[in-house]
Amino acid sequence: MLERGKISGIALALILMNLVGATAVVALPAVTARSALRDAWLTPVVSAVSGIVVIMLVTALGRRFPDKSLMEYTQDILGSWPGKAVGVLYLFFFFQSTGVIIREFGELLSATIMPRTPILLFSTTIVLLAAYSVRSGLEVIGRLSELLLPWVLILYYVIILLGLQKADFSRLLPMLENGFAPVLLGSLTPLGWMGEVLLLGMILPYLSKPHQGRKIGIWSVIILGFLLVVDEIANITVFGQEVARLKYPTFMIPSEILLGGFLRIDALFVLLWTAGLLTKLAIFYYVSVLGTAQLCNLRDYKPIVLPIGVILTAFSILSFQNAAEIPTHITKGFPPFAYLFEWALPLALLLIAIIRGAKPKY
83 MLERGKISGI
93 ALALILMNLV
103 GATAVVALPA
113 VTARSALRDA
123 WLTPVVSAVS
133 GIVVIMLVTA
143 LGRRFPDKSL
153 MEYTQDILGS
163 WPGKAVGVLY
173 LFFFFQSTGV
183 IIREFGELLS
193 ATIMPRTPIL
203 LFSTTIVLLA
213 AYSVRSGLEV
223 IGRLSELLLP
233 WVLILYYVII
243 LLGLQKADFS
253 RLLPMLENGF
263 APVLLGSLTP
273 LGWMGEVLLL
283 GMILPYLSKP
293 HQGRKIGIWS
303 VIILGFLLVV
313 DEIANITVFG
323 QEVARLKYPT
333 FMIPSEILLG
343 GFLRIDALFV
353 LLWTAGLLTK
363 LAIFYYVSVL
373 GTAQLCNLRD
383 YKPIVLPIGV
393 ILTAFSILSF
403 QNAAEIPTHI
413 TKGFPPFAYL
423 FEWALPLALL
433 LIAIIRGAKP
443 KY
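For the sequence shown, the working numbering begins at 83 and goes up steadily by one.
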């Protein structure tokens, strides 16, 4: 195995929650409110169900091919060359998704705190930080998650709850005034985001107790769904229907908070979000590197960490001409792309594996 490190169940849970949560907390409220309006807080419930389905699919595959990742057992199921072809498609998905994460980081910091700083500087900085984590291995990323993410979650939601001093809960009513259809429509984008837990298929073999992967994954999605509901409710009750017109509404909640009548906490909020995004980027970056090494039958993935970092940075810059294209990609371009790689292909792989007689090993 290319990766000799192991991660704990707690680290896996934090990684899975952060995979979706790091970007969803800032972008989700505006995206869902455009369709679901005041009922947008229900969309994380719908997307959580889809996340559980993805967990079930990748763990069903993992149980049939223990000690192998998605990139490896795809070749066992489909044969060498067809499996490699699907592997190349998955690598493109990982690379492109990672590039979007890097660009989102740069654009958000540029829009909120440093508008005159070149995006490339932000992108290069966070990629270099993530590259150090990736070279250190999955176990180090897991320990970093255990160290940082609990504090990020706690402090983040303390800030959100403090923001509720400006909340008006009547803005949540009347509930489902236009039926459930707007909620389903508003869930289309979050369905793709929640499916990012697909990356469990790449790191499940390195869980200290792989047989616990399904239970940990399902509970992670349930907890994440609850946290996103809280985030949605906070945004709707503080900003009302204005949420749909704001670019990053969650980032505006701290600006509504004054501690002691004068101390603002915007900078702390940005710091917490950056820590969460760095951990998310490290996992996507790691999976891109590991998948490339496995597909190319390399003995060590560390020599390709920096070259792939350059490619990912290029993806982040060249994929979008300007910041206005990112929301369009997130809401229209990404969901169909995500449905294919997160649901359709894993389901097809599982069905073929079952037909070929692959049985669960645990």
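These are computed hints drawn from the structure, not numbers from a lab. Don't take each hint at face value.
Stated by the list, open to error - List of simulated lysine-lysine pairs, PhoX-like, C-alpha gap at most 20 Å:
no.: 1; residue 1: Lys166; residue 2: Lys150
no.: 2; residue 1: Lys248; residue 2: Lys150
no.: 3; residue 1: Lys291; residue 2: Lys166
no.: 4; residue 1: Lys88; residue 2: Lys297
no.: 5; residue 1: Lys88; residue 2: Lys248
Since the model is a prediction, treat every value here as computed from it, not as a measurement.
Comparing the hints with the structure gives:
Between Lys166 and Lys150 the CA atoms are separated by roughly 15 Å; this keeps the pair inside 20 Å, and the hint holds. The straight-line distance between the Cα atoms of Lys248 and Lys150 is roughly 50 Å, outside the 20 Å bound, and the hint therefore fails. For the hint pairing Lys291 with Lys166, the CA-to-CA distance comes to about 28 Å; that exceeds 20 Å, so the pair is violated. Of the pairs offered as hints, the one joining Lys88 and Lys297 holds, with about 18 Å between alpha carbons and a cut-off of 20 Å not exceeded.
A distance of roughly 44 Å separates the Cα atoms of Lys88 and Lys248; the hinted pair therefore is violated under the 20 Å criterion.
The earlier numbered hints that this structure contradicts are 2, 3, 5.
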